[in-house]
Amino acid sequence: MTEFLLGLAWETWAILREASFFLLLGFGLAGVFAVLVPARVLTRYLGRGRIKSVLWASAIGTPLPLCSCGVLPTAIGLSRQGATRGATVSFLISTPEIGVDSIALSWALMDPIITVFRPLAAFVTAVVAGIATNFWGARGARAGHVEPADPAAPVGPEIGDARAAEGPAEPPAPPEIPLPLGARGGPRFAEGRTAARRIFAYGFRDMLDETAHWLVLGVVLAALVAVLLPASVIERYLGGGLVTMLMMLAIGIPIYTCASASTPVAAALVLKGLSPGAALVFLLSGPATNVGAIVVLLKFLGRRVVTIYLVSIALVSLAAGYALDWIYRTWQVSPAVTFGHASGFVPEPVKVGSAVILLGLLARSLWRVPVPDEWIRLRDWLAALTGVRLTAARLRAMTAIGLAALYLGSGVFTVQPGEVGLRTRFGRVVDGQLAPGLHARLPWPVEDHLVVQTDRVRRIEVGFRSAEPQDTAARGFGRQALTLVGPGFPAPPSGAISFWYQKEKVADESLLLTGDANIIDVAFTAQYQVKDPVAFIYNVADADAIVRNVTIAALRAALATMTVDAIYTTERDEVERRVVQDVQRTLDLYGAGVRMVALSLLSVHAPEQVHAAFRDVASAQEDRILIIDRATTFAQEAVNLAEGDAAAMLESARAFKDQKILEAEGDALAFSLREKEYRRAPDLTRFRLQIEALEEILPAAQKILRPGVADVKDFDLWLLQPPGTKKGP
Numbered sequence: 001m002t003e004f005l006l007g008l009a010w011e012t013w014a015i016l017r018e019a020s021f022f023l024l025l026g027f028g029l030a031g032v033f034a035v036l037v038p039a040r041v042l043t044r045y046l047g048r049g050r051i052k053s054v055l056w057a058s059a060i061g062t063p064l065p066l067c068s069c070g071v072l073p074t075a076i077g078l079s080r081q082g083a084t085r086g087a088t089v090s091f092l093i094s095t096p097e098i099g100v101d102s103i104a105l106s107w108a109l110m111d112p113i114i115t116v117f118r119p120l121a122a123f124v125t126a127v128v129a130g131i132a133t134n135f136w137g138a139r140g141a142r143a144g145h146v147e148p149a150d151p152a153a154p155v156g157p158e159i160g161d162a163r164a165a166e167g168p169a170e171p172p173a174p175p176e177i178p179l180p181l182g183a184r185g186g187p188r189f190a191e192g193r194t195a196a197r198r199i200f201a202y203g204f205r206d207m208l209d210e211t212a213h214w215l216v217l218g219v220v221l222a223a224l225v226a227v228l229l230p231a232s233v234i235e236r237y238l239g240g241g242l243v244t245m246l247m248m249l250a251i252g253i254p255i256y257t258c259a260s261a262s263t264p265v266a267a268a269l270v271l272k273g274l275s276p277g278a279a280l281v282f283l284l285s286g287p288a289t290n291v292g293a294i295v296v297l298l299k300f301l302g303r304r305v306v307t308i309y310l311v312s313i314a315l316v317s318l319a320a321g322y323a324l325d326w327i328y329r330t331w332q333v334s335p336a337v338t339f340g341h342a343s344g345f346v347p348e349p350v351k352v353g354s355a356v357i358l359l360g361l362l363a364r365s366l367w368r369v370p371v372p373d374e375w376i377r378l379r380d381w382l383a384a385l386t387g388v389r390l391t392a393a394r395l396r397a398m399t400a401i402g403l404a405a406l407y408l409g410s411g412v413f414t415v416q417p418g419e420v421g422l423r424t425r426f427g428r429v430v431d432g433q434l435a436p437g438l439h440a441r442l443p444w445p446v447e448d449h450l451v452v453q454t455d456r457v458r459r460i461e462v463g464f465r466s467a468e469p470q471d472t473a474a475r476g477f478g479r480q481a482l483t484l485v486g487p488g489f490p491a492p493p494s495g496a497i498s499f500w501y502q503k504e505k506v507a508d509e510s511l512l513l514t515g516d517a518n519i520i521d522v523a524f525t526a527q528y529q530v531k532d533p534v535a536f537i538y539n540v541a542d543a544d545a546i547v548r549n550v551t552i553a554a555l556r557a558a559l560a561t562m563t564v565d566a567i568y569t570t571e572r573d574e575v576e577r578r579v580v581q582d583v584q585r586t587l588d589l590y591g592a593g594v595r596m597v598a599l600s601l602l603s604v605h606a607p608e609q610v611h612a613a614f615r616d617v618a619s620a621q622e623d624r625i626l627i628i629d630r631a632t633t634f635a636q637e638a639v640n641l642a643e644g645d646a647a648a649m650l651e652s653a654r655a656f657k658d659q660k661i662l663e664a665e666g667d668a669l670a671f672s673l674r675e676k677e678y679r680r681a682p683d684l685t686r687f688r689l690q691i692e693a694l695e696e697i698l699p700a701a702q703k704i705l706r707p708g709v710a711d712v713k714d715f716d717l718w719l720l721q722p723p724g725t726k727k728g729p
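Per our numbering, the sequence shown starts with residue 1, numbered consecutively.
Honestly, I wouldn't trust all of these hints.
Claimed, not checked - Label-pair restraints from in silico Cβ distances:
no., residue 1, residue 2, range
1, E608, L442, 54 to 64 Å
2, E622, I519, 14 to 24 Å
3, G353, E608, 38 to 48 Å
4, G353, Q453, 30 to 40 Å
5, I51, T330, 25 to 35 Å
6, A620, S466, 28 to 38 Å
7, T194, V371, 31 to 41 Å
8, Q332, G241, 15 to 25 Å
9, L442, I519, 53 to 63 Å
Claimed, not checked - With a straight-line cut-off of 25 Å between C-alpha atoms, the simulated SDA-like cross-links for lysine to any residue are:
no., residue 1, residue 2
10, K299, F200
11, K531, Q416
12, K505, V564
13, K351, T12
14, K531, L589
15, K531, R585
16, K299, L25
17, K531, Q581
18, K531, T424
19, K531, V415
20, K660, L650
21, K299, L382
22, K676, R686
23, K660, D645
24, K299, D209
25, K505, V580
26, K351, R364
27, K676, Q690
28, K505, H605
29, K351, V216
30, K299, V32
31, K531, S600
32, K531, I546
33, K531, R425
34, K531, A545
35, K299, A132
36, K657, E643
37, K531, G437
38, K676, L689
Derived by calculation from the structure, the hints in this document are not laboratory data.
Computed from a prediction, not measured in an experiment: that's the story for all the values here.
We put the beta carbon where it would ideally sit given N, CA and C, even for glycine.
Let the sequences and hints guide you as you build the complete structure.
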């Protein structure tokens, strides 16, 4: 509950900071219109004609840089001066949507197509709403003329009902205030001071008194809408089509967004994937109206006119959105390519100063002016409904009870997963290990609590500082929460944190000395976590500073014992490991409650002044090493080949020797076996030898052997002539 109230208070302040300058300008212009501009001039241009007054109102509102809240007092003042309802509504729409500032911002953030189309669509919206109001905004009366009132008189509550039918004759104008220069051209300082006093009295007293309660109510309601609207809805569910346009319309109408704040948001959404037509619907509906403006207009213009006002904005915005999408599709233009960069106009000190001034004026008006009648009627209705009448005493009692409940409720807090809570009593830690969950403590100043993220890996940069990525609106607003006045607090990224290489060098940290008296340029990051929450909170004033200094000292000590070549090449992992150990040891001695996670050497090279020379030397050394490696490889290859050939020759000789020995042994064994067999059958051996001898002696002759008588042991030999030879005589 406390966090919700703090968020609501912050959103309220953000709205006032962005809108106060334009609100003050609007109240001042309302006084100028009421005092210095003759009533018959406004009657002539804005008080006559159902169409002409609307066109003039749109033309007059075009150059005025007012937002949807800042235009309210000016439009009400114009209505008091005699402008028609249609002219008032047209002025209410054209002024916040069309202006030099919004056109310039559209050109800077978006592209020429939407820069031209946006003011045209806004002008059409204003004209359509104004004409519809003049024709259908009043029943039974012609809405072409309004009875002018005294511009210096206090604003009454009957503005929305004081419109009369257009008469045939022009009513008499009220007495005019002389301009700062008289009729003869001489200075009229006394009259000028009187006019200035009346301008301030009308704009910052009468007009502010009439709208103070409603402005505060509208701002608070708009802040509630912003706090209750999840920031992830737009990125997750919006893309294009009718549903998306209706969602943008539903977001834009109740939320207060000035033109300068809504343009960067729309550009970022388009770069994320939102269709240009849906973005245009947001640009037309957001600056044109909001909850605060609707609340005020319901009082001064009535429900019928406000209904026409809102319906005209919705219908024309949707039609313009479809037309713009059709143009982009027909021309085949990609908004991601054509959209540009964002810029601001009003300086931040001016915004803060204007907000402080407006808060003072609002507090003065709220103290001076009684509660509006509408609020009293609402109180009576609630009393009749509930049976409890809200009196001043009961309101004070309810306020006291509410404040007491909020005071007691401030002692209830939650510890999220990955966090550790600390509970203190009068500054002394009574519980330093609160687990994730819901906890309660005594309210401040008796007890207090702190929540520390222990699972978060914190990262410091040494030797460089990463530049913020602001090259496109998508990078500028892609991960920021959507608030009423534009991007708010940066939302944590959904993925891992990446190193942004657009960096700024820090020479005092990056230049280090090696052991061989060389200077090197080092850029690295160190990651650490909270190990002891109590020590981290109470022993260390700036954890990033102490981790950075200790890491730099440890790295200097490590590099002072190593050569530059080793650091450049093979010893980087060893340096990282050694530095992490040394830093952890030192932090433990300091009692910092920090655990070192890692150290990453992102860039290690020579200083910029001698970097080119070092690269040349390194290239020459690499060439030398390459040549030596090639020669060594060739020599080793030749030696290996020679050794292989020698080994092959030796093995071949050994194999030949073994072969001959085995063959001889085989022949000897075979001879011995044959000799034994020969001895066992000598006749057969003799017969075989005879036959072999005949075969050797008579190789060409045909021989026929016929065994003889068994007991004779002889054989017959017949010799025949070889085939193919001629017989002799």
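These are the hints, each one checked on the structure:
no.: 1; hint: E608 x L442: 54 to 64 Å; result: holds, 59 Å
no.: 2; hint: E622 x I519: 14 to 24 Å; result: holds, 22 Å
no.: 3; hint: G353 x E608: 38 to 48 Å; result: holds, 44 Å
no.: 4; hint: G353 x Q453: 30 to 40 Å; result: holds, 36 Å
no.: 5; hint: I51 x T330: 25 to 35 Å; result: holds, 32 Å
no.: 6; hint: A620 x S466: 28 to 38 Å; result: holds, 35 Å
no.: 7; hint: T194 x V371: 31 to 41 Å; result: holds, 33 Å
no.: 8; hint: Q332 x G241: 15 to 25 Å; result: holds, 19 Å
no.: 9; hint: L442 x I519: 53 to 63 Å; result: holds, 58 Å
no.: 10; hint: K299 x F200; result: holds, 24 Å
no.: 11; hint: K531 x Q416; result: holds, 17 Å
no.: 12; hint: K505 x V564; result: holds, 21 Å
no.: 13; hint: K351 x T12; result: holds, 14 Å
no.: 14; hint: K531 x L589; result: holds, 14 Å
no.: 15; hint: K531 x R585; result: holds, 13 Å
no.: 16; hint: K299 x L25; result: holds, 22 Å
no.: 17; hint: K531 x Q581; result: holds, 15 Å
no.: 18; hint: K531 x T424; result: holds, 19 Å
no.: 19; hint: K531 x V415; result: holds, 17 Å
no.: 20; hint: K660 x L650; result: holds, 16 Å
no.: 21; hint: K299 x L382; result: holds, 20 Å
no.: 22; hint: K676 x R686; result: holds, 14 Å
no.: 23; hint: K660 x D645; result: holds, 23 Å
no.: 24; hint: K299 x D209; result: holds, 14 Å
no.: 25; hint: K505 x V580; result: holds, 23 Å
no.: 26; hint: K351 x R364; result: holds, 20 Å
no.: 27; hint: K676 x Q690; result: holds, 19 Å
no.: 28; hint: K505 x H605; result: holds, 13 Å
no.: 29; hint: K351 x V216; result: holds, 18 Å
no.: 30; hint: K299 x V32; result: holds, 23 Å
no.: 31; hint: K531 x S600; result: holds, 20 Å
no.: 32; hint: K531 x I546; result: holds, 15 Å
no.: 33; hint: K531 x R425; result: holds, 23 Å
no.: 34; hint: K531 x A545; result: holds, 17 Å
no.: 35; hint: K299 x A132; result: holds, 19 Å
no.: 36; hint: K657 x E643; result: holds, 21 Å
no.: 37; hint: K531 x G437; result: holds, 20 Å
no.: 38; hint: K676 x L689; result: holds, 16 Å
Checked against the numbered hints given earlier, this structure breaks none of them.
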